[in-house]
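Chains A and B are the protein sequences, given in the same order.
In this text, residue positions in the first sequence follow the numbering used here: the first is 1, and each later residue adds one.
In this text, residue positions in the second sequence follow the numbering used here: the first is 1, and each later residue adds one.
One thing to keep in mind: the hints can contain errors.
When chains are identical, the list treats them as one kind, so a pair holds in a single copy or across two.
Under the rule of at most 25 angstroms between Cα atoms (straight-line distance), these lysine-lysine pairs were calculated in the DSS-like manner [as the list claims (entries may be wrong)]:
#1 K300 - K173
#2 K28 - K89
#3 K45 - K450
#4 K484 - K264
#5 K53 - K474
#6 K248 - K92
#7 K39 - K140
#8 K53 - K28
#9 K45 - K3
#10 K300 - K270
#11 K45 - K28
#12 K11 - K183
#13 K460 - K257
#14 K61 - K270
#15 K484 - K257
#16 K477 - K264
#17 K270 - K45
For the record, the hints were derived by calculation from the structure and aren't laboratory data.
Remember, predicted model here, so these are calculated numbers, not experimental data.
Number of protein chains: 2
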Amino acid sequence: MDKGIMELINKIPGWENKMLYQGAFAVKPFGRMAGRPVKCVVPGKDKVLELDKVLDAVELKDGMTISFHHALRNGDLVMQKVVAAISRKGIKDLTLSASSLSLVQDALLPYFEDGTITAIDTSGARGRIGEFIQKNKLKKPAIFRTHGGRARAIESGELHIDVAFIAAPTCDKYGNINGVQGKSACGSLGYAMPDAEYAEQVVAVTDGLVSVPLEYVSIPQTQVDYIVEVESIGDPSGIATGSIRISKNPAELVISKYVAEVIKYAGLLKEGIIFQFGSGGIAISAAGFVQTEMQRTGIKAAAGIGGASGFLTEMLANGYIGTFFDPQDFDTKAIESLYFNSRHHEISASAYANPFSANPYVNLLDVAVLSATEVDINFNVNVLTDSYGKLIGAPGGHPDAAAGAEVTIVALPLLRGRLPMLLEKVQTVVTPGETVDVLVTDYGIAINPKRLDLYEILQKTSLPVMTVEELHQKAQKLAGVAEKTILGDRVCGLVEYRDGTIIDVVYDLP
Amino acid sequence: MDKGIMELINKIPGWENKMLYQGAFAVKPFGRMAGRPVKCVVPGKDKVLELDKVLDAVELKDGMTISFHHALRNGDLVMQKVVAAISRKGIKDLTLSASSLSLVQDALLPYFEDGTITAIDTSGARGRIGEFIQKNKLKKPAIFRTHGGRARAIESGELHIDVAFIAAPTCDKYGNINGVQGKSACGSLGYAMPDAEYAEQVVAVTDGLVSVPLEYVSIPQTQVDYIVEVESIGDPSGIATGSIRISKNPAELVISKYVAEVIKYAGLLKEGIIFQFGSGGIAISAAGFVQTEMQRTGIKAAAGIGGASGFLTEMLANGYIGTFFDPQDFDTKAIESLYFNSRHHEISASAYANPFSANPYVNLLDVAVLSATEVDINFNVNVLTDSYGKLIGAPGGHPDAAAGAEVTIVALPLLRGRLPMLLEKVQTVVTPGETVDVLVTDYGIAINPKRLDLYEILQKTSLPVMTVEELHQKAQKLAGVAEKTILGDRVCGLVEYRDGTIIDVVYDLP
């Protein structure tokens, strides 16, 4: 990244101290976390209020920061309901902090256009909101954070949330919330937990209000100031998919088989292994091959970490995994597991991945199997923009898991359509190459030169191990040299590494 | 309490702003909680160290504050092991902050005598440590806090803990702790949670170190800096008793039957009732009578709150109670319930009782049944000192539950031996009379005049309802006028109300 860009960034009020990325573990924190607001609720106080009245009660004003979680994913109705009500009040210039933004948030566009929201702090952006960002129409560049980085920013006070609106599938009248019960059950509320802990005011928005204390509490009443009852917080079909199953795509199966073999040959598949498999088809299929090997050898995993899908929670139920630490659930089976399996634990984004704690769960990983939209010959990974530089994804937990894991495997097809996915330089660096150990593609496997230990083991196997340059040449041969995409020259997004440094920027699209 | 005493207290460095008690909900908090220290542990760091090396690593110095929890009760070996090691290093002038001190801590006396510890911050004190305090041998008065008040003090930064040593029945090598597994299982670690969250450094001391991530996590690895392995953290016979059973003492049975009838006639025993029954024989017996009534009527409690004993967790298991919020377990049956019953929740002292949160669980109570060492005609309760002014107990959660509950019932025998337990003025005010609604004794029931509503209902029943003055006269008639105890005139302890104000003091014993 051009150094001049940091100078521009540092001129933006509030961002004077932002620093350039210096290495995955180069920045050491100092000082103290933000002090949370002290509350006092006397016995008998009724927390349930209508949305309009809550907006008055929390004294929402121009320029404040509001926050939301994204566990309702593409079914979320809460952001649009709340922002619409705010817009009706004529409040302007808000910063929208969301743990991520899905396509359903296209519905927020009018409130960007009318100036209700003028800044964004999120993990990902897509669709019309992505376009709005890349038309450079925000007042300042959007910030894209990792899940762990967002928790860090909240805890450090860097991201100060005035009002957190927490979509609550079930909420009792005292303010206890869970995500595992109710018609809009979404599973773990891990990504809402830092907001609930640190926001000045916390508002639960629920379509599952009950009058007796919950049997299962994700976010406790001690953190919730108000409760708003609405008819629906989400569209179930968009919240959780059915079970994510093993891929049937032949190329993906080849890749996932390679991944499983890398894990096996690298000696990682030993009793007590701790792993994260992402939610994509390749990762889940790789988990399937690993499970087969576990069946054969009798080896058991000590823990699974990260987003949970039904395939993994079935492994948990069947004893292949000892315990599961889960900030997010992808399907109904995983949600049920979280509710009913006592070895399946809900953890916050901070516990999961915040680099500045006395250690996040990602640090336990022996191996993380992650996806990518693009990779490059320096092992850098892009999961935020596509080959044309357009916002389509989110850092999510990718940089966090990659930094935490002893071995990080990034698996992707070498080509998608006619486009090469291994490039000289990715459009956007989200996960730094120094934290990526192995690239697995359908055409070959490349090992980061800094992991000579892995190279020496794996090159003796039947796996198609080659240098990353060889793999890159293969991609070029198959797809031709990638055309240089034409981007704008205005910075409209900052890609923040988990420690708060700026690892790359997103440009406008002309 | 004499106003001049506050002036003396305010002259002690650090206590300049301490205020006199002003009413149960008079003090409103402002400002923010303390900022917790930011940590950074990189993947692969080994947290396990020997105790001596940990004391170096945490840079323990003269004048610092060390903390411990009391969930191992009278079986605890951790305080003495740690303080002995500190003493061997010649470190002096420490403040000992414990969630409470049991008789077993008599073993700490040498370290008080040699100046290793010169100040105390606790819920209770007894035995030799109590005597040491009342010989006025500390550098400044001891502070006696409620469970909720201690959490408040920690969160507000008023009680700043430099190093928390957390007795950990089970701890994995990453620092995850639970109290439900291991040979020294003690149940809920609720009283250690604020320490783990806010201390500068957190050290787990465990006799149950395991190498795989725990299936059940009470205190997460994100908060634990070091782990010390020892042979034994406690003597199981002192940690948890067998099941606390229903009283067989006839006088206690009379009292507990009255308690149950007060609950019934006052209309509290309705579907969805939320209650706390203390751990004493009277309270448990009252729970037994209430359960019988629930069996008869089919009524179910929505929740139980507070310390758990086997009788209550059996009610939970059998569906008489919907869910249980538990900061502390008293017997092995309750510990097992916490481990295995998913409706039995471990909560922190702060969640349980801290008045300065967006509401503690005690606020949910319809009724709390509490004990007392003494009460007086203003309904004030003493649970800290005996009839002679000697330290024998602890505020514990008593003032917290009393403040939170819609109806607080204090149950005790009118006489103990030949001493009257209802006095003109208690030795030490721990729970203010304004938060106590009904006194139940074997000789009669008195209702706080501010609860005319309860009086009007209960005086129409067969219960022996009388004025508190009448009940007091009865006590005097039976026991004679209580002799005025001769106390010293030096303040050697402050009794802090849950909001941080000083509600009374403890005097030295000549």
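I want to check one pair: K45 and K450. Are their C-alpha atoms no more than 25 angstroms apart within a copy, between two copies, both, or neither?
Classified as between: cross-chain Cα gap 20 angstroms, same-chain 59 angstroms, threshold 25 angstroms.
Within, between, both or neither, where K39 and K140 count as close if Cα-Cα is 25 angstroms or less:
Neither, since 33 angstroms and 31 angstroms both go past 25 angstroms.
If the cut is 25 angstroms between Cα atoms, do K28 and K89 qualify within a copy, between copies, both or neither?
Intra 43 angstroms, inter 31 angstroms, cutoff 25 angstroms: neither.
State whether the alpha carbon distance between K53 and K474 is at most 25 angstroms within one copy, between copies, both, or neither.
neither (62 angstroms within a copy, 54 angstroms between copies)
Same-copy or cross-copy closeness of K248 to K92 [CA-CA at most 25 angstroms]:
neither (48 angstroms within a copy, 68 angstroms between copies)
Using 25 angstroms as the alpha carbon limit, work out where K484 and K264 are close: within a copy, between copies, both or neither.
neither (38 angstroms within a copy, 80 angstroms between copies)
Between copies, within a copy, both or neither: which fits K45 and K28 at Cα up to 25 angstroms?
For K45 and K28, only the inter-copy Cα distance (15 angstroms) is at most 25 angstroms; the intra-copy one is 43 angstroms.
Should K477 paired with K264 be assigned to within, between, both, or neither, using CA atoms and 25 angstroms as the limit?
neither (30 angstroms within a copy, 84 angstroms between copies)
Can you tell me if K460 and K257 fall within 25 angstroms by alpha carbon in one copy, between copies, both or neither?
Result: close within a single copy only, 17 angstroms intra versus 79 angstroms inter.
Check K45 against K3 for me: Cα-Cα at most 25 angstroms, and say if that holds within a copy, between copies, both or neither.
neither (54 angstroms within a copy, 33 angstroms between copies)
Between copies, within a copy, both or neither: which fits K300 and K173 at Cα up to 25 angstroms?
between (42 angstroms within a copy, 18 angstroms between copies)
Indicate which option fits the pair K61, K270 if close means a Cα-Cα distance not exceeding 25 angstroms: within, between, both or neither.
Neither. Shortest intra-copy (55 angstroms) and inter-copy (43 angstroms) distances fail the 25 angstroms Cα cut-off.
This entry does not satisfy hints 2, 4, 5, 6, 7, 9, 12, 14, 15 and 16, going by the numbered hints stated previously.
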